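S.K.: Heads up: the sequence lines are chains A and B, in that order. Residue 1 is where the first sequence starts when you use my numbering, and the numbers rise one by one after that. Residue 440 is where the second sequence starts when you use my numbering, and the numbers rise one by one after that.
Calculated directly from the structure, the hints in this document are not laboratory data. Mixed in with the good hints there might be a few duds.
Here are the simulated DSS-like pairs of lysine-lysine, each with C-alpha atoms no more than 27 Å apart in a straight line [what the hints assert, rightly or not]:
id	chain 1	residue 1	chain 2	residue 2
1	B	LYS499	A	LYS328
2	A	LYS302	B	LYS592
3	A	LYS328	A	LYS291
4	A	LYS80	A	LYS218
5	B	LYS450	A	LYS291
6	A	LYS413	B	LYS450
7	A	LYS328	B	LYS519
8	A	LYS185	B	LYS603
9	A	LYS296	A	LYS279
10	A	LYS237	A	LYS328
11	B	LYS592	A	LYS237
12	A	LYS213	A	LYS296
13	A	LYS218	A	LYS253
14	A	LYS253	B	LYS592
Here are some of the chain A residues that sit facing chain B, going by a computed Cβ distance under 10 Å [claimed, not checked]:
id	residue
15	LYS12
16	ASP229
17	THR232
These figures come from a predicted structure and were not determined experimentally. C-beta: ideal position from N, C-alpha, C; glycine also.
The lines below spell out each chain.
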Amino acid sequence: MKEMKEILIRKKDEIYMTQVPEEMEDCLRSALQKKRRHFHKSAVAAVFAAVLIVIYSFDSIAYYGKKFIGYDNMLYGNLKELFDEGRGQEINKSCTFSDGLEFTLDAIMFDGNELMAFCRMYHPEENLVNSGPTPYVDLIGINPLGYDRKIAFGKGSYLDEHTLEYIYTFEAPAFYEKWMKLNIKYRLDNNMEEKTIDFILDRSKAIETSVQKDINAKVRVGDCEVLFDKITASAMKTYIQGSITPLSDEAKKKLDPESIEDYEKYGMTIFLFDMVSDKGESVDFHEGDTKASMGKVGFINKGDALPKDFNTLEIKNIRLKRHKPMEKSVDISERTENLKVDDDVLIKSVYFEGDTTCVVVSSRGIPSLELYDGDEYMETINSIYPDLISPDSYEKQVESEEPVDRVFRFEGKGQNMRLDIKYIVYYSYSDETISIPID
Amino acid sequence: MDALDLIREAKKGDREALIKLIMDKKEEYYRLAFAFMGNKEDSLDALQDMIVILFANIKKLRDPESFYSWSKKILVNTCKNTLRKRKRVLPIGIDKEEEYIENYQSKELKHDIMTYLKRLNIHQQEAIILRYFMDMDYETISRLTDVPEGTVKSRIFNGLAKLKRIIGGEYQ
Numbered sequence: 001m002k003e004m005k006e007i008l009i010r011k012k013d014e015i016y017m018t019q020v021p022e023e024m025e026d027c028l029r030s031a032l033q034k035k036r037r038h039f040h041k042s043a044v045a046a047v048f049a050a051v052l053i054v055i056y057s058f059d060s061i062a063y064y065g066k067k068f069i070g071y072d073n074m075l076y077g078n079l080k081e082l083f084d085e086g087r088g089q090e091i092n093k094s095c096t097f098s099d100g101l102e103f104t105l106d107a108i109m110f111d112g113n114e115l116m117a118f119c120r121m122y123h124p125e126e127n128l129v130n131s132g133p134t135p136y137v138d139l140i141g142i143n144p145l146g147y148d149r150k151i152a153f154g155k156g157s158y159l160d161e162h163t164l165e166y167i168y169t170f171e172a173p174a175f176y177e178k179w180m181k182l183n184i185k186y187r188l189d190n191n192m193e194e195k196t197i198d199f200i201l202d203r204s205k206a207i208e209t210s211v212q213k214d215i216n217a218k219v220r221v222g223d224c225e226v227l228f229d230k231i232t233a234s235a236m237k238t239y240i241q242g243s244i245t246p247l248s249d250e251a252k253k254k255l256d257p258e259s260i261e262d263y264e265k266y267g268m269t270i271f272l273f274d275m276v277s278d279k280g281e282s283v284d285f286h287e288g289d290t291k292a293s294m295g296k297v298g299f300i301n302k303g304d305a306l307p308k309d310f311n312t313l314e315i316k317n318i319r320l321k322r323h324k325p326m327e328k329s330v331d332i333s334e335r336t337e338n339l340k341v342d343d344d345v346l347i348k349s350v351y352f353e354g355d356t357t358c359v360v361v362s363s364r365g366i367p368s369l370e371l372y373d374g375d376e377y378m379e380t381i382n383s384i385y386p387d388l389i390s391p392d393s394y395e396k397q398v399e400s401e402e403p404v405d406r407v408f409r410f411e412g413k414g415q416n417m418r419l420d421i422k423y424i425v426y427y428s429y430s431d432e433t434i435s436i437p438i439d
Numbered sequence: 440m441d442a443l444d445l446i447r448e449a450k451k452g453d454r455e456a457l458i459k460l461i462m463d464k465k466e467e468y469y470r471l472a473f474a475f476m477g478n479k480e481d482s483l484d485a486l487q488d489m490i491v492i493l494f495a496n497i498k499k500l501r502d503p504e505s506f507y508s509w510s511k512k513i514l515v516n517t518c519k520n521t522l523r524k525r526k527r528v529l530p531i532g533i534d535k536e537e538e539y540i541e542n543y544q545s546k547e548l549k550h551d552i553m554t555y556l557k558r559l560n561i562h563q564q565e566a567i568i569l570r571y572f573m574d575m576d577y578e579t580i581s582r583l584t585d586v587p588e589g590t591v592k593s594r595i596f597n598g599l600a601k602l603k604r605i606i607g608g609e610y611q
């Protein structure tokens with residue numbers, strides 16, 4: 001897995017090295033002027049130009065006393081606040097490769113869950129924007145396997161054409177680790193050059209755990225029982241840990257499909273909840289891991305840091321959201337009646353009101369639809385993220401025991417109009433709220 | 440003029456406003472297209488297709504705040520449609536799926552990883568590209584592709600497993 005990830009990360013770095021062609025704006029203008037869909041391709045060969053990363057910036061970098069400067073374009077929210085306060089551990093060690101590239105580990109920041117490494121690359125002669133070094137970086141301690149590099153938070157930013165900064169994120173070193181190594185592998189022509197930066201983990205500089213508390217609360221959600229086990233939080237992140245126990249065989253298959261057949265029949269289930277403080281501030285949870293074991297599904301939901309001022313946290317709107325995939329297409333170019341799509345989905349009728357196409361869908365769950373005119377995507381109805389694609393939220397719609405008729409109206413009609421039924425969404429909510437007093 | 444003003448102007452039919460909206464985030468759009476198409480000319484083609492569709496449909500965009508996610512979704516679909524049409528063409532140099540690369544362990548792939556990615560189905564390609572090349576988390580991919588997070592995970596898992604079979608080497 002590590003090998004595969006390494007290859008993929010390297011490719012990602014290559015893509016970020018790609019410069020936007022100067023002619024892009026003219027191409028867009030020309031497309032709109034001609035209003036045609038396909039264009040003659042020029043015989044220009046693709047060139048991977050070398051830009052390592054995301055954002056081009058000329059901000060200065062420096063390390064003044066205990067306060068970190070730089071990395072501005074890559075940090076936000078509570079992480080930026082921590083950085084601005086100079087939290088974390090200064091390392092300030094470098095190594096130099098044979099072509100003159102200098103790699104510096106400026107600092108690290110870590111809590112019990114993650115370690116972020118703030119790194120800088122400098123080449124006195126090469127224009128890094130064009131040549132873009134793409135070193136592999138591993139974090140190693142006593143544990144010879146090292147610590148997983150997290151894909152989602154590896155970001156960089158140019159300071160000038162010779163300098164770029166990069167934040168690598170790894171899983172946190174185990175409690176027994178002290179002497180750590182950052183291994184940097186850098187490809188020069190056909191050789192892989194390897195350098196190491198040693199550093200001692202100073203646990204006094206760790207971002208301390210601010211909350212660690214057993215919750216130990218059970219709630220019933222549909223045909224599952226959810227146990228909220230504990231909450232752990234630091235100024236970097238909040239973790240809620242627990243498990244979901246299905247109370248029937250069918251619930252088990254819905255929660256943890258073991259086969260393609262289960263998946264096709266029941267779809268996938270996602271566990272969600274909202275968290276708010278007694279002062280009304282909400283904590284966003286946007287990451288999560290699940291692991292099935294011993295008939296249960298363990299979960300760790302990861303969210304932002306907790307607000308600074310509160311007495312109690314409340315977990316509410318605890319819900320299981322199940323998406324059953326459909327991937328069925330329906331021709332809506334002509335009048336249709338009673339077209340069965342699935343056991344739970346019936347197209348009751350397709351009819352026209354002037355230039356508007358109307359489709360009546362009967363189902364217990366909420367259908368999520370995509371409209372196409374030929375191959376051309378037109379719009380999404382009831383996206384699972386309605387805030388982004390379709391502002392008509394269906395979050396408050398509930399699954400009915402009996403099928404409900406829903407009428408969908410689309411502007412236009414034509415012989416190529418097609419409706420894709422992507423999935424049906426079913427919600428199970430718990431009415432219960434969990435209160436967590438924090439001392 | 441901020442983005443919302445530009446969107447309002449674009450909805451009224453102002454082409455330059457639409458171009459500016461895209462060019463203001465040109466790196467994001469170009470890299471997204473490039474991650475799918477793998478070369479400059481096809482990426483620019485996809486962007487041209489995208490802007491024509493945007494111009495034709497922006498009047499129907501009900502929530503201006505969703506312009507960027509809506510337009511990126513259209514770009515992804517445009518790229519996928521092009522790739523689908525090319526699906527019958529096998530990448531040069533690969534004769535069979537079971538091909539193993541002897542020196543995989545030394546990290547010297549015989550072909551660019553994109554060549555192998557093209558052997559996956561379009562949904563798996565899409566999920567892996569967005570996750571690993573565009574650094575998106577599952578939730579963002581789910582929003583952009585409009586499939587549940589579980590499906591995204593399953594496409595990535597199955598796609599990586601197939602890549603392992605194609606490339607060989609260790610995969611856990």
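S.K.: With reference to the structure, classify each hint as holding or not holding.
M.R.: Hints and how they fare:
1. B:LYS499 with A:LYS328: Judged against 27 Å, a Cα distance of about 24 Å means the pair holds.
2. A:LYS302 with B:LYS592: holds (17 Å)
3. A:LYS328 with A:LYS291: violated (31 Å)
4. A:LYS80 with A:LYS218: The given pair, whose Cα atoms are some 36 Å apart, is violated under the 27 Å limit.
5. B:LYS450 with A:LYS291: violated (46 Å)
6. A:LYS413 with B:LYS450: It holds: about 21 Å lies between the C-alpha atoms, which stays within 27 Å.
7. A:LYS328 with B:LYS519: Holds, because 18 Å separates the two Cα atoms, which is no more than 27 Å.
8. A:LYS185 with B:LYS603: holds (23 Å)
9. A:LYS296 with A:LYS279: violated (34 Å)
10. A:LYS237 with A:LYS328: violated (40 Å)
11. B:LYS592 with A:LYS237: Given that 27 Å is the threshold and the Cα spacing comes to 23 Å, the pair holds.
12. A:LYS213 with A:LYS296: This hinted pair holds, its Cα atoms lying about 22 Å apart.
13. A:LYS218 with A:LYS253: Status holds; Cα separation ~21 Å.
14. A:LYS253 with B:LYS592: This hinted pair holds, its Cα atoms lying about 17 Å apart.
15. LYS12: holds (5 Å)
16. ASP229: Since chain B brings no Cβ nearer than about 22 Å to ASP229 of chain A, farther than 10 Å, the hint is violated.
17. THR232: With a minimum Cβ separation of about 20 Å from chain B (threshold 10 Å), the hint on THR232 of chain A is violated.
In this structure, the hints that do not hold are numbers 3, 4, 5, 9, 10, 16 and 17, in rising order.
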